[in-house]
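Position chain B against the provided structure of chain A, taking the given hints into account.
Here's the letter readout for the chains.
Protein chains: 2
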Amino acid sequence: MPTDQTHNPALQSWLPSANAHPSFPIQNLPFGIFSPPNATPRPGIAIGDHILDLTLLQASNLLPAAINSLIPLAPTLNDFLAQGPTPRTLLRQAVSHLLAASSPPHPELLHPATACTLHLPAHIPNYTDFYAGIHHALAVGRLFRPDAPLLPNYKWIPIGYHGRASSIRPSGTPVTRPAGQRKLPHEQQPTFGPTRALDFELELGIWIGPPNPLGRPILIAEAHNHIAGFCLLNDWSARDLQSWEYQPLGPFLAKSFHTTISPWIITPEALAPFRQPQPSRDPTDPQPLPYLADPEDQATGALNLILEVFLLTHSMRTQNIAPYPITQSNAHHLYWTPQQLLTHHTSNGCNLLPGDLLGTGTISAPNATGPGSLLELTQAATQPLTLPTGEQRFYLEDGDEILLRATAHRPGFTPIGFGDCRALIHPAQN
Amino acid sequence: MPTDQTHNPALQSWLPSANAHPSFPIQNLPFGIFSPPNATPRPGIAIGDHILDLTLLQASNLLPAAINSLIPLAPTLNDFLAQGPTPRTLLRQAVSHLLAASSPPHPELLHPATACTLHLPAHIPNYTDFYAGIHHALAVGRLFRPDAPLLPNYKWIPIGYHGRASSIRPSGTPVTRPAGQRKLPHEQQPTFGPTRALDFELELGIWIGPPNPLGRPILIAEAHNHIAGFCLLNDWSARDLQSWEYQPLGPFLAKSFHTTISPWIITPEALAPFRQPQPSRDPTDPQPLPYLADPEDQATGALNLILEVFLLTHSMRTQNIAPYPITQSNAHHLYWTPQQLLTHHTSNGCNLLPGDLLGTGTISAPNATGPGSLLELTQAATQPLTLPTGEQRFYLEDGDEILLRATAHRPGFTPIGFGDCRALIHPAQN
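As you go down the protein sequences, you meet chains A and B in turn. Using our numbering, the letters of the first sequence map in sequence onto residues 918 to 1347. Using our numbering, the letters of the second sequence map in sequence onto residues 918 to 1347.
Just to be clear, a hint being listed does not mean it is correct.
As the list claims (entries may be wrong) - Over the 10 Å line for every Cβ pair with chain B, so calculated as not near, a few chain A residues: (1) S934; (2) L979; (3) H1028; (4) T1034; (5) P1063; (6) E1139; (7) D1199; (8) Q1236; (9) P1242; (10) N1284; (11) Q1296.
Unchecked claim - Some but not every residue of chain B turned toward chain A, in silico, with C-beta under 10 Å: (12) A1082; (13) P1134; (14) P1165; (15) H1343; (16) A1345.
What the hints assert, rightly or not - Facing chain A, from chain B, some residues (calculated, C-beta under 10 Å): (17) A1054; (18) G1058; (19) W1161; (20) L1166.
Derived from the structure by calculation, the hints contain no laboratory data. Quick reminder that beta carbons are idealized off the backbone N, C-alpha and C, glycines included.
The shape of chain A in the complex, shown without the other chains:
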């Protein structure tokens, strides 16, 4: 398991808020795009409750010239992601040294995060969503096909579909309740109107770095070099639209109205200490076909990330009640590793581009405390969720806010988080 000085839990920063920060201690150093007050979007690194302005850092010439030239300055990180692990790793090490308590403080390079606006960290050329959370697939399958919850292909092939790239928004952008065609089983014909079954889905996002040319698959042993980082992803879903539209070509308008992501790119380097073996499979499960099989990936391809979901209703907000935890899961429950998803995606020659985003699919835990969606939590709207206010929910209501949280834990290492992935639901416009 590759670790280096940047992971040392004894490492402290001269910035007090970084030390013991739940998301952004000096051991994390995620990349993003932000605007300081009255200024244009630019790259930054989150540290404690501040953001390191990479444009100011570059101008300061504090780093050695060879490293300084690697600093991204463009208002999207696509070109930086395209360059792969080497410049990212070198810059990370230099910034870790710069921000360490043993170095002279440079507060003039920082902005308070609360004064800044966060943007998508990259232009997203293509977005693909997978279905690799097997406990979600099982739970949803049990609701609709109790006798055969998993389809025959599930354990052979990473199931995925193309998602809508244009409607991905960073944490904090409100979600407008979508309208669409809905038909309940007992209804004679569909009607058009606002969804009555708005749901969240707890997912991890995977940022693509270096591209592959059309027609050239990425081998499983090389896949990690094409992954530039991770984020949280809420795949908002309108279940009534989905059940009416999805046959035979899959989800479309039930998903394309909005997708929320956490805006910081958590690097593979920051997550290196939290890698672990893929969960062991049932003895009756098939072995992965050779193009998806790699001993190194099997040994280290999974991520130990605690994933949580919180719900905050309008009433809770006005009563100052804290967001209510409704789900606790873990990214290691994925049936396929991020590397397997990427390799499968390119196995037909499909070309990935820098800044492409892959969603893992909903990551539910195998027990009742970890449903990755309300569909599972309320058993398809048959068992309500009851909140501390006494309010009940089958699906989400206007004024509700969903917050996702990811935290990497491992004894002997400093925990790191992903930052905010939250969005408030606004009423339908029509």
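Showing chain B alone in chain A's frame:
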């Protein structure tokens, strides 16, 4: 039906090859991006067997200043498409006048098309593929569900799914046979290897012009203002990959390896004379829900475009045998109009971007002469197609080339075509 002087069949050009040209008479004037020999990509207009160089035209100041300032100069047409019908229409009228036989010739503004390279006319931010060809849906449904070929939602909702934008290529780019997981019904488990069921799909592409903000649907009466033009589209499909992967989330790697389009944007203005009423529905068919219903769209929303498919094998090529016609269909067979597809797409608030591409879905004719795919033509590989050489095909072989052709016809008007949409199949790389 809006027609103007640009449609006058008596209009001739001072460029002899434009007169009676099967695709690009002076009545067409499609926009595209091309490179002259040893030069960078730039906008152009196809005329006869030449291309009008818009960069040279702008520098010549031959057009009135107000029109000259509308000429696109960027190496993609996205910004031009975003501006909607007005600048496009004004420039079209001015170029029609410039190229007319009654005006002085300016051959210095033209390049021979055969010396130029054609590119995608715009960066394609998102690609969506629909399923609006009802005779295709019926024919495919009959193969797999003889008792109920159409699913219950088909006549209510335009079925669609997100496609892969990054692998769309202009006519002439070879298609590499993709590999993937394939499992025949009698096989115990899947294997990985080159597809054994490579197919074409005959579709029309729809270019999006002005965008809509996220959360703001485009009303059906406004939809035509957001359509910037049309192209031919071959939605290459690996049927064995598709049948194994597509449940429950739809087609993915079976389609994402390559999509071929004709590179000229045929404008709504050029196609105006060829509009006609939507085909009448069965009395038992549902009326479109109000958000998809518009009297004007019903009266003029369909396009009378003859669509043809030709197959040219390696053996035919070496024997100098002409491409063999295997399909004749028509765009008026679509169950939903392009405007209905666009309005449905945005009905949940999904934002379309300039340069987005919508595929209509495979446009088969209702009879045996018009199958829009080999799946239909060979009845799922049970009845071979026999070619003039005696060769037989169930699906496509390496060295085969598929050519699509579209021609707009109407008595009293000059026919216009879409230009080449062809691609040769190269062997798998792995």
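Hint-by-hint comparison with the structure:
no.	hint	in the structure
1	S934	34 Å, holds
2	L979	37 Å, holds
3	H1028	27 Å, holds
4	T1034	17 Å, holds
5	P1063	16 Å, holds
6	E1139	14 Å, holds
7	D1199	16 Å, holds
8	Q1236	29 Å, holds
9	P1242	29 Å, holds
10	N1284	24 Å, holds
11	Q1296	19 Å, holds
12	A1082	6 Å, holds
13	P1134	7 Å, holds
14	P1165	6 Å, holds
15	H1343	8 Å, holds
16	A1345	9 Å, holds
17	A1054	9 Å, holds
18	G1058	9 Å, holds
19	W1161	6 Å, holds
20	L1166	4 Å, holds
Checked against the numbered hints listed earlier, the structure breaks none of them; every hint is satisfied.
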